[in-house]
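K.L.:
Chains W and U, in that order, give the protein sequences.
The numbering used here puts the first residue of the first sequence at 1, with every later residue one more than the last.
The numbering used here puts the first residue of the second sequence at 1001, with every later residue one more than the last.
Bear in mind the hints are in silico, worked out from the structure with no lab data behind them.
Glycine included, every Cβ here is placed at the ideal spot set by N, Cα and C.
It is possible that some hints are incorrect.
The following label-pair restraints were derived from C-beta to C-beta distances [unchecked claim]:
(1) U:E1517 to W:G44: 47 to 53 Å
(2) W:T45 to U:P1813: 19 to 25 Å
(3) U:M1272 to W:L31: 35 to 41 Å
Here are the simulated PhoX-like pairs of lysine-lysine, each with C-alpha atoms no more than 25 Å apart in a straight line [claimed, not checked]:
(4) W:K80 to U:K1162
(5) U:K1341 to U:K1508
(6) U:K1141 to U:K1131
(7) W:K58 to U:K1141
(8) W:K80 to U:K1610
(9) U:K1508 to U:K1162
(10) U:K1553 to W:K58
(11) U:K1212 to U:K1102
(12) U:K1574 to W:K58
(13) U:K1553 to U:K1610
(14) W:K80 to U:K1341
(15) U:K1162 to U:K1460
(16) U:K1684 to U:K1574
(17) W:K58 to W:K80
(18) U:K1684 to U:K1610
(19) U:K1460 to U:K1553
(20) U:K1757 to U:K1713
(21) U:K1757 to U:K1684
A partial selection of chain U residues facing chain W, derived with a Cβ cut-off under 7 Å [to be verified]:
(22) H1068
(23) L1232
(24) L1530
(25) H1534
(26) D1536
(27) P1537
(28) K1540
(29) D1557
(30) D1560
(31) V1808
(32) H1812
(33) S1814
(34) G1824
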Amino acid sequence: MTAASIPLDGMVHYDLGTIDRIPPGEGQTFLVAGREIAVFRARGTDEVYATQARCPHKAGLLADGIVGDGKVICPLHSNKFDLATGAPLGNACQSLTTYRTEISHDRRVLLWLSAAAGWSGST
Amino acid sequence: MMQAESELFAGPDRQRLVVIGNGMVGARFVEELIARGGNDRYDIVMFGDEPTGNYNRILLSGILAGSHDVEDTYINPLEWYEDNGITLHAGVRVTAVDRDAKLVRGDMGIIEPYDVLVFATGSSPFVPPLKGLSSHGTEMKEGLFAFRTLDDCDRMIGFVPKATRAAVIGGGLLGLEAARGLLERGLEVHVVHLRSHLMEMQLDAPAGHLLKATLEGMGVRVHLDKQTSEVLGEHRVEGLVFADGTTLPCEMVVVSAGIRPNVSLALDCGLMVERGIVVTDELRCPGDASVFAIGECAQHRGQLYGLVAPLWEQAKVLADRLAGRIPDASYTGSRVSTKLKVMGIDLAVMGDQDPADASDEVVTYSEPARGIYKKLIVRDGRLGGAILLGDASAAPVLLQAFDRGTELPDNRAELLFQLAAAEGVTGIADMPSSAQICNCNGVSKGALVAAVEAGHCTLKSLCDATRAGMGCGACKAQVQQVLELAAGDRMQTDPSVHYYVPGVPLNKADLVTAVRERGLRSVSSVFAALAGGHEDPGSKAGLASLLRTIWGKEYDDERDARFINDRVHANVQKDGTYSVIPRIFGGVTTAEELRRIADVAQKYGVPMVKITGGQRIDLVGVRKEQLPEMWRELGMPSGHAYTKSFRTCKTCLGSEFCRYGVGDSTTLGVQIERRYQGLETPAKLKLATAGCPRNCSEATTKDVGAVAIEGGKWEVYVGGAAGAHVRKGDVLVVVDSHEAVLTYMGRFMQYYREQAKYLERTYDFVPRMGIETLRSILVDDSEGLCARLDEAIDAAVDAYFDPWQEAVAPVHPSQFADALEPVGAGSAS
């Protein structure tokens, strides 16, 4: 694991490599600082979203879900979530924790995490 | 954090309100309180021992029966609590209440002080003290269930495939609902009831007997006057023993022997408890001015209530009182009436079942052949009670007469027949606008009409807007009638029920035409052309299946449109691992193949090696990353045990070895599986061939099957099933060669691919089309389609390739990656 340096605002960013590591319209689980994070790439627009890796319902791997229209459907029991806000759609699960992402000029996916021990998401 | 904030803003009058219980009543109370401005007065804290928001328990039987989704039952998701500033301790059990210190203590050291405390602890299923409930004195025996929570429901559904016969202990309302669900899921169901007639809480003896006859007609076995004494089986349920010495072998037992109010917390903190927590007309616990109780746990004027309407009335009265709207609001008891469906049979009951004394007049009508029974108790010219079974069309009028205590017409038959005969729209039209249509959510005819005026002109949008029909759903037919009456020409049906997938507004035929005409070869191009660019994720897999069937090799395969199973060619398990099932054609294998399978299983430490029902071998519990290497080392093609396609062709030994065989079922089965392996279909296809009518391979209950009969002939069956639904297939045709079997099977499969709805199994498709129609099209060629169908299936067979070849050439470097790591980290941006 690469060591992370800490910028002034208390956030660390991780370089997840180029966007091509994630197939278009799919998700991929990443192991970042010992924690699982799901990263999704929208088809066409190449927008990227990051959320907690597992469904709050029965821990299904969300990166294996079907993605579209800014939403993901969990592969285990079809619970749906909004990728930008993490909000559950039509189910009573807790919201997903979401994380800030960015695409660099050279098409790299950057993931921003709080450097604090609390490790809280952006929502 | 939230606590600190609320304390900060708390004015001198601000109080802490703690509610124990987040069920249908506790949450309803808080909802009513907030609607009355309760947030200005209270910081609200709730405890619920289930981990979810709150849900509609009445609909659990619908989930069990498969007619409702879990989503239909949610009332308030967790966000609702947050949005309304409520602190919800979900999944936290309250362990003690300290009334001196005014503290509630929960699991995990949670402590909440209160100024006002409300018990809404509800009730729990009563499990009678039977012998053998648990295995080795600890957990409940496998196969034994209570029926109360979403979780119970989930576990029951999961267990159904392991059982063929279920016994439901308790013939009350809930027990019969459980029986219905299990019957719908294909089990043989026995209802075991202690009393001499069913539903004795709601029905008199004649109605109970009539209901029994109707249920038996539906296939339920009913045992009355039967006391269960023991559950048999060491680790899992094997049967029941009754007090009269008889036994009933079964693999599943559902205990539904009534409910008991949850009173132990109240008892422990010294409140007055009899059968329930005693409350006054203020819904207050005597002796403590700050503690209240509502719902199934509360005992008011000696009475416990178990139906939702009176309990929600309590919630409303307490909300009026605590919000200060009506400070002297009081609850004086409810006249209990209910209208519901028991196993699809209409039932309405109100008031007394039997006359109180000789001056009460009893009017009955009974028509056993149609399962209809009606009974009125008339007291001083007014309705004292009624039972309507099998035909509840008179219920709205009677409920009104009962609720308002209006004088009845002298000709009592008018009540039962004339108004009922006028029925439907007229009955609804005659009702005043104050008449309550939905008794669960208290929606009046007037409120429905107003919503229709406001533009809610489909049943779905009307129900969503008013919450009518969102409780038990029994009033939906009446809501529909109000809609028809109020909307007239403006009424619309919700067109989405006819769409092939929810995200593209076209039925299957129109969608296929549009796809062909515009040459749409990828899922994203369909969304772009036909759905305004909205890539509805719930529609992708259905579209992918359709496009592959239409375009074959020309299909532009975007992998993100596939369900995960189809991306990695393996079946995802509940822990995120996968199963590997190599193809074993016709269930015929060799020592060498078995040795290879064994070697791979051993090398990769496969947690379970399982012989499947489809005559092959399942290696379960494999990590995604291991899949390609295992496939390579197996050197066998995919068995497609994870996808909507041709799965397997099971065979019996047949004439080659079996002394009864009249046809060579193994050779035929291997031929079928070699030809049609992996063929993409709207839902999975399981096949079998049997070498004689003894049908050892169960070919008559497969999606497609062939059975050898004397004289060198084969019967080709279609539309059979032996899963959740059991259906004997229909004979499509009788032929005299293996080649002809292959041709007709292929022709049927292609027609099914083109005509069936996504996920529609053949056991639904064949009865929907009708076997006569299918014979005429596929055998007599009445529509001139056969040649084209045969060509199309040939093309589909030609387009087959083994997806496990992707082990050598993955479509994407991350295809089988469990998790990737970052390539770097830093602070610059």
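K.L.:
At a threshold of 7 Å, is the proposed contact between V1808 of chain U and chain W supported by beta-carbon distances?
P.N.:
18 Å, violated
K.L.:
Are K1508 of chain U and K1162 of chain U close enough, with their CA atoms no more than 25 Å apart?
P.N.:
35 Å, violated
K.L.:
Please verify whether K1684 of chain U and K1610 of chain U have alpha carbons no more than 25 Å apart.
P.N.:
20 Å, holds
K.L.:
Report holds or violated for the interface hint on H1812 of chain U, using the least CB-CB distance to chain W and a cut-off of 7 Å.
P.N.:
Interface hint status for H1812 of chain U: holds (5 Å vs cutoff 7 Å).
K.L.:
Less than 7 Å between beta-carbons is the criterion; does D1536 of chain U satisfy it with respect to chain W?
P.N.:
6 Å, holds
K.L.:
Does the structure keep K58 of chain W and K80 of chain W at a Cα separation of 25 Å or less?
P.N.:
13 Å, holds
K.L.:
Holds or violated: is the Cβ of P1537 of chain U closer than 7 Å to a Cβ in chain W?
P.N.:
Holds. Min distance 4 Å.
K.L.:
Could one say that the CB atoms of T45 of chain W and P1813 of chain U fall in the range 19 to 25 Å?
P.N.:
Holds, at about 22 Å.
K.L.:
Starting from K1460 of chain U, check that the Cα of K1553 of chain U is at most 25 Å away, please.
P.N.:
Not OK: K1460 of chain U and K1553 of chain U at ~41 Å, beyond 25 Å, violated.
K.L.:
Need the status of pair K80 of chain W, K1341 of chain U: alpha-carbon distance at most 25 Å?
P.N.:
32 Å, violated
K.L.:
Holds or violated: the hint that D1557 of chain U contacts chain W, with Cβ atoms closer than 7 Å.
P.N.:
Violated - the Cβ of D1557 of chain U stays beyond 7 Å from chain W, reaching only about 12 Å at its closest.
K.L.:
When the nearest CB of chain W is found for H1068 of chain U, is that gap smaller than 7 Å?
P.N.:
It is violated, given that the least Cβ distance between H1068 of chain U and chain W is near 13 Å, above 7 Å.
The structure fails to meet hints 1, 3, 4, 5, 8, 9, 10, 11, 13, 14, 15, 19, 20, 22, 23, 24, 29 and 31 from the earlier list, while all remaining hints are met.
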